[in-house]
Amino acid sequence: MLTYLGVGAAVVGIGVGGAYFYFAQRSQAIKGILGAAAVVPQGAQVVMAFNTNPEPWNKLAQFGTPASQKLIGEGISKSPLSSLLVQSKTDYNRDVQPWLDGYVITALVPNPAQPQAPAATLVIAPTRDRVRSDLFLNKYREALTQQGARFTAKQYKNFTYYESPSRDPNNNLVTADIGGQYVAIATSGSLIQQAIDTYQNNSPSLAKKPVFAKIYGNPNTQVVDPLMQVYLDGDVALEFIGSQTNLNLNESAIAQSRRELDAITLTGGTQKEGLRFEISTYLKNDNSSPTANIDPKVLGLLPQETFLLISGVNLYQSWQSLVTQAKGNASSAQLIEQLRKAVKDGTKLDLDRDILQWMNGEFAIAAIPNNQGILANPGFGFVAIAQASDQNTAKSALEKIERVAQTSAGGLLPKGMEIKTSQIGDKSVTNWAVGNTNIAIRGNLDQNFVFWAMGDLANSFVPKPARTLADSRPFQIFTTGMPKANGGYFYFNMTNALAIGDRLLPPEIKSNPSYTQIRDVLDAINGISVTTTNIDTKTSRLDFLFTLKPTPGN
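Residue 421 in full-length UniProt numbering sits at position 421 of the sequence shown; the count goes up by one each step and never skips.
It should be emphasised that the hints constitute simulated quantities derived from the structure, not laboratory data. Some hints could be false.
Claimed, not checked - The calculated SDA-like cross-link candidates involving lysine to any residue, where the alpha carbons are at most 25 Å apart (straight line), are:
no., residue 1, residue 2
1, K284, T539
2, K344, F382
3, K209, S331
4, K157, R141
5, K484, N293
6, K549, A470
7, K341, I365
8, K214, A38
9, K484, Q317
10, K209, I279
11, K209, S257
12, K341, R353
13, K549, I500
14, K272, P66
15, K549, R130
16, K284, A38
17, K484, K538
18, K139, T152
19, K400, E337
20, K297, D426
21, K395, A384
22, K538, A326
23, K348, E399
24, K154, R130
25, K59, V521
26, K209, N250
27, K327, L249
28, K272, K341
29, K59, Q517
30, K59, I518
31, K59, L308
32, K420, L398
33, K209, N111
34, K154, N202
35, K395, K420
36, K510, N377
37, K420, A376
38, K549, L308
What you are looking at is a predicted structure, and each value in this text was computed from that prediction instead of being measured.
Taking the hints into account, I'd like the entire structure generated from these sequences.
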């Protein structure tokens, strides 16, 4: 039985109904989020909106391997909505789909009279057929009454709603038809009354909240026909994310986010290549030092075989921002000082002045296949690249690191390591070598870039490769539609990485059932790319693209 009708799970389940049962839907035109938000009280702090148009969900069904789709199907069968429909003896196709219209919104709304109490849950589902939606509500209540619910009809401003207590003293189960335009289900009678006041324009709606109206009134999104959208008010955004991801966030960071954040949004949908997500951050005030969007040059320095790239702009500025933010946070400030001390003890260098200060251009860490020398066993190696505004400072820092590496050889580095110079094409490079075996190679590239690469990896990009990462077909596909001018990339060629992993992982790990399930999901992914972009002085966005394998037959 539901937790006396499973109030929390049941209500949220109704809200995600469109998401779980996309394969059977046949909805008319989408009315948009603002249409459903017109009856949501403006105090809503967490909002999840699901598209009930079947077309984008049908597109999602075109992706994935049989194994990954089986896992999804098993997850759907255990979902709160699936359980709710079974126990309430209702069927989505028969009892919900015929009247459901537009976006379904699930919102968490705090009680103004009890701000410290847990927020109540409100689901708003627009209806295009009042007769059918009333039949659903009647059948829903009748089935739950047979399981012990005690619904009582109540009046509020000429509106009738039905309320039943539950085993949870903090939640009731409440249903209402609002004006023949919306089906409402909530965990609080007072919240239904707020929704009625909002519907009658006697109380401000979420749709008219300035930041919400700005975001959804003129959407700045590249996701066509989103499947789902999430809105987090700045007052609760970081705390909510922490609670959902089990992150232990300190009060100082939460307080700072409340001061600075206006909202965070998530938008998800499909495109031809797979799944697309956007996470946007909206600040209350202008960002005083935004990172510039650039057309990354580092893509033209790496070979097309590169299967992992993490890049960005102005590492020094990012570090300074962290230092500034840490001033009001004792634990963060302590961590920064520990990093500084570790670098000082290990290299005799000042982290800020000697290493980071000259890193105000592009930087990148990349993984490239290679089976020569010390990389023969792993089959790949890493390279670090940084654009040096001050070549002399960069050269001095790297030479100091080399001297420390020589004197500390026998720890992480083998004994007998020597520093030698050699030529690769027209470039003079410095080798960290034991005998004739290179441990690492460093040197300079065009456009003021310096690099440090494991083993003989430098041979794959010095001199500049004939075909670069930017030219490669996988990179072009995996970044389709992503902003070309951005503040950095995360790029991962899953297919190539899994091939290396298959060779390196021991049989006992690969035979583990948990790994098998994870692998079923990973096998459905061709590649992942992420970019970070500053949209304006108050808005930044992370774009995610999961390029998926088509299901057999598509």
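Going through the hints against the structure:
1. K284 / T539: 10 Å, holds
2. K344 / F382: Measuring from Cα to Cα gives roughly 24 Å; hence the hint holds.
3. K209 / S331: Answer violated: K209 to S331 is near 36 Å, above 25 Å.
4. K157 / R141: 22 Å, holds
5. K484 / N293: 9 Å, holds
6. K549 / A470: Given pair K549, A470 holds - Cα atoms ~22 Å apart, limit 25 Å.
7. K341 / I365: 23 Å, holds
8. K214 / A38: 14 Å, holds
9. K484 / Q317: 22 Å, holds
10. K209 / I279: 20 Å, holds
11. K209 / S257: 19 Å, holds
12. K341 / R353: Holds, because 13 Å separates the two Cα atoms, which is no more than 25 Å.
13. K549 / I500: The given pair, whose Cα atoms are some 19 Å apart, holds under the 25 Å limit.
14. K272 / P66: 19 Å, holds
15. K549 / R130: At roughly 41 Å apart (the allowed maximum being 25 Å), R130 and K549 break the hint.
16. K284 / A38: 23 Å, holds
17. K484 / K538: 20 Å, holds
18. K139 / T152: Judged against 25 Å, a Cα distance of about 15 Å means the pair holds.
19. K400 / E337: Between K400 and E337 the Cα gap is close to 21 Å, so the pair holds against 25 Å.
20. K297 / D426: Distance of about 20 Å is within 25 Å: holds.
21. K395 / A384: Roughly 15 Å between the alpha carbons, so the hint for K395 and A384 holds.
22. K538 / A326: 21 Å, holds
23. K348 / E399: Holds: K348 and E399 sit about 12 Å apart, inside 25 Å.
24. K154 / R130: Given that 25 Å is the threshold and the Cα spacing comes to 20 Å, the pair holds.
25. K59 / V521: Given pair K59, V521 holds - Cα atoms ~18 Å apart, limit 25 Å.
26. K209 / N250: Violated, at roughly 29 Å.
27. K327 / L249: 16 Å, holds
28. K272 / K341: 49 Å, violated
29. K59 / Q517: 24 Å, holds
30. K59 / I518: It holds: about 23 Å lies between the C-alpha atoms, which stays within 25 Å.
31. K59 / L308: 28 Å, violated
32. K420 / L398: OK: K420 and L398 at ~14 Å, within 25 Å.
33. K209 / N111: 18 Å, holds
34. K154 / N202: 20 Å, holds
35. K395 / K420: 15 Å, holds
36. K510 / N377: OK: K510 and N377 at ~19 Å, within 25 Å.
37. K420 / A376: Within the cut-off at roughly 22 Å; holds.
38. K549 / L308: 19 Å, holds
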